[in-house]
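**Q** Single-letter residue listing:
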Amino acid sequence: MISGSWFERQKNIIDYSLQSLLRRRSKNILILIIFILLVFAVSAILFITGSLTKEMMITSNDLPDITVQRILGGRQVNIPASFIPEIEKIPGVEAVETRVWGYFYLASLQANFTIYGMDLTLLEDGEYRKIVNWKNIPDQAENQSLSSRPDFRMIIGQGVFELLKDIQMEKAYLFYQPSWEKPIPFDIIGTFKTETELQSNDLMVLQTEGARRVLELPPDEFTDLVVYVPNPEEIENIALKIRRYFPALRTVTRAQIQNTYASVFGWKSAFVLSSLLVAILAFLILIWDKASGLSPDEKREIGILKAIGWDTDVVLSVKFWEGFILSGIASLAGILLAYAYIYWLRAPGLREIFIGWSTIYPSFQLIPDVDPKFLLLIVTISVVPYLAVTVFPAWKAAITDPDVIMRNIG
Amino acid sequence: MRYSSWLVIVMVVFCLWSGLEYRHFHKQLLETRQHFNVRCRFQKAIGLPNLAITSAARYLRHYSITDLTTPFQDYPASPDHFPAGFAFVPPDYSNMPSPIVFGNPEK
Amino acid sequence: MILHPWVLGLIIGHSALLLVFSLGLINAWQIYRGWDYNSTEEKQFLLEKKTYLVSTVMNFALFTQILMLFLLEIAADELANVLPGAMCAVGTLSSNSYGFPLLDLKILSFFVYFIWLVINYLDNQIETYPLVRKKYLGLILIYPLAVMETILLFMFAFNLDPSVITSCCGSVYNEGAEGLGGSLAGASAGFILPLFFSIVTLQLLNRFVFKRWSTVDKWFGNLLEFPLWIAFFISAIVMTISFISIYVYEMLSHKCPFCFMGAEYYYYGVPLYFCLFVATATGMTGGLLGYIRQPSILREKAGILRKKMEFVSLWGMLAFVVIGFLPFVAYYMKTGRLI
Amino acid sequence: MSNLIIETINVTKTYNPGKPNEAIAVKDASLQINEGSLVVLKGPSGSGKTTLLSLIGCQAKPTRGEVIIRGKRISKLPEKFMNRHKRNHIGFIFQHFQLIGGMSVLDNIVLPLIPEGISPKERSKRADRLLERFDLAHRRQFKVSYLSGGEQQRVAIARALINNAGILLADEPSAHLDSRLTSDLLVYINQLKQSGQTILITSHDPIIYQHPAVDQVFEMKDGQVIS
Numbered sequence: 310m311i312s313g314s315w316f317e318r319q320k321n322i323i324d325y326s327l328q329s330l331l332r333r334r335s336k337n338i339l340i341l342i343i344f345i346l347l348v349f350a351v352s353a354i355l356f357i358t359g360s361l362t363k364e365m366m367i368t369s370n371d372l373p374d375i376t377v378q379r380i381l382g383g384r385q386v387n388i389p390a391s392f393i394p395e396i397e398k399i400p401g402v403e404a405v406e407t408r409v410w411g412y413f414y415l416a417s418l419q420a421n422f423t424i425y426g427m428d429l430t431l432l433e434d435g436e437y438r439k440i441v442n443w444k445n446i447p448d449q450a451e452n453q454s455l456s457s458r459p460d461f462r463m464i465i466g467q468g469v470f471e472l473l474k475d476i477q478m479e480k481a482y483l484f485y486q487p488s489w490e491k492p493i494p495f496d497i498i499g500t501f502k503t504e505t506e507l508q509s510n511d512l513m514v515l516q517t518e519g520a521r522r523v524l525e526l527p528p529d530e531f532t533d534l535v536v537y538v539p540n541p542e543e544i545e546n547i548a549l550k551i552r553r554y555f556p557a558l559r560t561v562t563r564a565q566i567q568n569t570y571a572s573v574f575g576w577k578s579a580f581v582l583s584s585l586l587v588a589i590l591a592f593l594i595l596i597w598d599k600a601s602g603l604s605p606d607e608k609r610e611i612g613i614l615k616a617i618g619w620d621t622d623v624v625l626s627v628k629f630w631e632g633f634i635l636s637g638i639a640s641l642a643g644i645l646l647a648y649a650y651i652y653w654l655r656a657p658g659l660r661e662i663f664i665g666w667s668t669i670y671p672s673f674q675l676i677p678d679v680d681p682k683f684l685l686l687i688v689t690i691s692v693v694p695y696l697a698v699t700v701f702p703a704w705k706a707a708i709t710d711p712d713v714i715m716r717n718i719g
Numbered sequence: 062m063r064y065s066s067w068l069v070i071v072m073v074v075f076c077l078w079s080g081l082e083y084r085h086f087h088k089q090l091l092e093t094r095q096h097f098n099v100r101c102r103f104q105k106a107i108g109l110p111n112l113a114i115t116s117a118a119r120y121l122r123h124y125s126i127t128d129l130t131t132p133f134q135d136y137p138a139s140p141d142h143f144p145a146g147f148a149f150v151p152p153d154y155s156n157m158p159s160p161i162v163f164g165n166p167e168k
Numbered sequence: 005m006i007l008h009p010w011v012l013g014l015i016i017g018h019s020a021l022l023l024v025f026s027l028g029l030i031n032a033w034q035i036y037r038g039w040d041y042n043s044t045e046e047k048q049f050l051l052e053k054k055t056y057l058v059s060t061v062m063n064f065a066l067f068t069q070i071l072m073l074f075l076l077e078i079a080a081d082e083l084a085n086v087l088p089g090a091m092c093a094v095g096t097l098s099s100n101s102y103g104f105p106l107l108d109l110k111i112l113s114f115f116v117y118f119i120w121l122v123i124n125y126l127d128n129q130i131e132t133y134p135l136v137r138k139k140y141l142g143l144i145l146i147y148p149l150a151v152m153e154t155i156l157l158f159m160f161a162f163n164l165d166p167s168v169i170t171s172c173c174g175s176v177y178n179e180g181a182e183g184l185g186g187s188l189a190g191a192s193a194g195f196i197l198p199l200f201f202s203i204v205t206l207q208l209l210n211r212f213v214f215k216r217w218s219t220v221d222k223w224f225g226n227l228l229e230f231p232l233w234i235a236f237f238i239s240a241i242v243m244t245i246s247f248i249s250i251y252v253y254e255m256l257s258h259k260c261p262f263c264f265m266g267a268e269y270y271y272y273g274v275p276l277y278f279c280l281f282v283a284t285a286t287g288m289t290g291g292l293l294g295y296i297r298q299p300s301i302l303r304e305k306a307g308i309l310r311k312k313m314e315f316v317s318l319w320g321m322l323a324f325v326v327i328g329f330l331p332f333v334a335y336y337m338k339t340g341r342l343i
Numbered sequence: 747m748s749n750l751i752i753e754t755i756n757v758t759k760t761y762n763p764g765k766p767n768e769a770i771a772v773k774d775a776s777l778q779i780n781e782g783s784l785v786v787l788k789g790p791s792g793s794g795k796t797t798l799l800s801l802i803g804c805q806a807k808p809t810r811g812e813v814i815i816r817g818k819r820i821s822k823l824p825e826k827f828m829n830r831h832k833r834n835h836i837g838f839i840f841q842h843f844q845l846i847g848g849m850s851v852l853d854n855i856v857l858p859l860i861p862e863g864i865s866p867k868e869r870s871k872r873a874d875r876l877l878e879r880f881d882l883a884h885r886r887q888f889k890v891s892y893l894s895g896g897e898q899q900r901v902a903i904a905r906a907l908i909n910n911a912g913i914l915l916a917d918e919p920s921a922h923l924d925s926r927l928t929s930d931l932l933v934y935i936n937q938l939k940q941s942g943q944t945i946l947i948t949s950h951d952p953i954i955y956q957h958p959a960v961d962q963v964f965e966m967k968d969g970q971v972i973s
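Chains as they are written, first to last, in our numbering: chain R, 310 to 719; chain F, 62 to 168; chain L, 5 to 343; chain P, 747 to 973.
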């Protein structure tokens, strides 16, 4: 009897295993669905953390070289101006800039804003002009209102703008604390472009004096300092010097911030991943039990195959192909679903984990972080364990003796 | 080969679907490439790190430059501000200023 | 540092491999002890059935091993941007002392699995299973490799420390650095190229000339094959680091053997290493098959299999040489001078 | 004497030997069956005829003794080679047909060819030839579970013949058939005998073992051949 090539044989075996998969449709579809859900959850986690890391990494090169903070009793406190001349004396330091920023909690809107004080005129000219949608206030009104209250001009993020849209901006006072005698007015002169939404969503940039008043920062104190070091190699040494000279100060270099970008999600996503692994383990035990607990007609079917001349290793490869096709389809479907869920639907459920209780949050339109290597990781996490679990049950099924069916009835 | 035609159908559906997603991925990538310089400008103008994903707690918004005890400031028993704290971890504090000093400092 | 997605992937893969392998080991031990071809009790039939389980286990092990080799390279690449100072896979692997031994052990076990499977395939073709005792004893000896691998992986993952500054391929693979990396890169083209080509020509000689002289072939011919392939593999790796990588990156200082597997070099490393591994694996097995002598039917079956192995290994070797020297030729065409 | 095709030399088969429920199904059975002959194993049920048939049909291995088919000692072969031998030389018809219910008639018939790696076109060509021969063509795509007893029997026979093996073994073929269907069956068996097949049937149905075309009848009584 002519026998075909190895490849032809495998094609027939794949055909047969597909047939047997479709024959026991209900059980296999249930397993497929559970498998797809698991792979979906795993790849969703990895997608979202990958994208967030990627979003941060884009702008990480423009971070300040060294951020200097004053730590008192383990907590960050305002840094007095007296440190600035001494830091500038350190060789290699080009400039030391001061920063005034902090948070402001609006109880009525239950929103936590980031207040940042800087000289807004800097944003009006040159390269920074195009990061803001300037409000086209009629000229004379602008001069009039600006001149009378120069300190309270403000540029706000998109999220803040949406939040404040429904209250009449002119008559409302946002910044008021009971201890103040009168509230601080504000005058919005522009909002940040939606492209920078992920960074500027809850940001309120005020004139430095305005920020000082809102944050109640004494005139000679700043929130933290930024040290510019022209030679990137020197950043680490200068940070070390600052820490040595001023034990009360803490330095965070750009490399360290980038490191927190790369590792924080890795650590947490893997934490979520490993809790998912418990679910995957439970699923694999189910598979082990389903595959090894042969239903009587499955045992009879294999008995028939063995009786009409099938080898054990042919039956084994049928079982292998069944497992491979099932887990292959499941992992592919899981990944595609996860992509759609995160980048088309913008991760409705998962987003809340990252957003927490905040009321202002970005639209989560993330950059997709997809590369072929990712596929390999998902395959390893889904296909390899599945095949590992079905090796023994498949063998147990494949060695059923033909005379099992010789003797029993029907 | 009737049955493996099922497999072929499934594979074709997957190819179409991933093609669709690749197109979306590509469009998205191009779109964000234009935003790059706007974002970098913004980051240069305002030096604060981290994304404005959550403003639930101080140390979650700028977790890269937060300090050690702020997370405990809210409530000593909840090191993390659930659930967003679940997604962020305080950075390593190797650069906190608490070197071990030997000998007697008065000298 | 264990809880990084890529590290988790590695751990899952390796523990799956180890679990399945231990299952295989138990059965291999039972077969090794209880195998008696002529007996007709039920026990012998069960042992016969167990041989299928062991070969399925080993197929799975080889499949996972190949996947794990790829995953380790990619994981090292991905972890590079988490470890400060590491720019690529070499940085991650050299960040603690378990990285490279893990990689070398995995390459060794890949070859060993492949050889075992080929011998198993050969042995299954003969009714009396002549090699059964030897091959299962071999399997029992291979098992410690898998255990060692998993232990090394856990040690490697556990000791990955994001706060430790590691050195990257720039410093590991340059002439100045001492240690293995330095010496590998230090091997100047003048020394390694002639060595490599002498091995290749010796291989071709062995294949086409020695085989013709029957006297020489009887014992000397294929005795040489196996060690030659090991030498070929090692010299190929050294040449890749010290010679090929220069022309791929077109930069004298950058000699990392992993970086050109990335997308930015159009995955150049993938076909290169594929040909190298396939050629060496099939070459080694071809050489080993030559040693099989005693039962005559086994020898002639081994002969057939050896022909196939030699054919594949020959083309693999030639493909490797061509792919390896493509960038050199391209560079030479483009600029008309050497680096 | 024409050449010997099947020979068993004092074959014994004991189920779970050494254990309390040890059962000797076949004891020192020796048979010689010539090429192209129609042989019937007669005996009450439980006399070990099914076990002897399964020993000859490579479905099981004897505890002692030799089974030689076409001059090749198959009882000593490991399972892998026994299966190959079974695929190439033996067609087996089971007592309860043992067809896979969920599959169509065509798929059932071509089942033995799948591990041989024969292309689907070639497979369905052969199957169609057999379907015409057993006038089952109109049932080609039907699920086997919808067929009647007689038709299932014919599908089982077609399946056994698909690998055009020289030897055909049938275990109690007439057990589920009424007398009309049994006579149809005997017509088919006669045709097969003319076409040179060696046929070995186990049966306790007098219509079969008294049929004129039967060349040799062995009688089995609790495990021993006494004819």
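Because the hints were derived from the structure by calculation, they are not lab data. Since we're looking at a predicted model, the values are computed, not measured. By construction, the Cβ of each residue, glycine as well, lies at the ideal position given by its N, Cα and C atoms. Where hints are given, some of them may not hold.
Stated by the list, open to error - Quick look at which bits of chain R chain P covers, simulated, 3 or more residues with Cβ under 8 Å:
no.: 1; segment: 511-524
no.: 2; segment: 534-540
no.: 3; segment: 607-616
no.: 4; segment: 619-625
**Q** Taking the hints in turn, state whether each one holds.
**A** Tested hints:
no., hint, result
1, 511-524, "violated (count 0)"
2, 534-540, "violated (count 0)"
3, 607-616, "holds (count 7)"
4, 619-625, "holds (count 5)"
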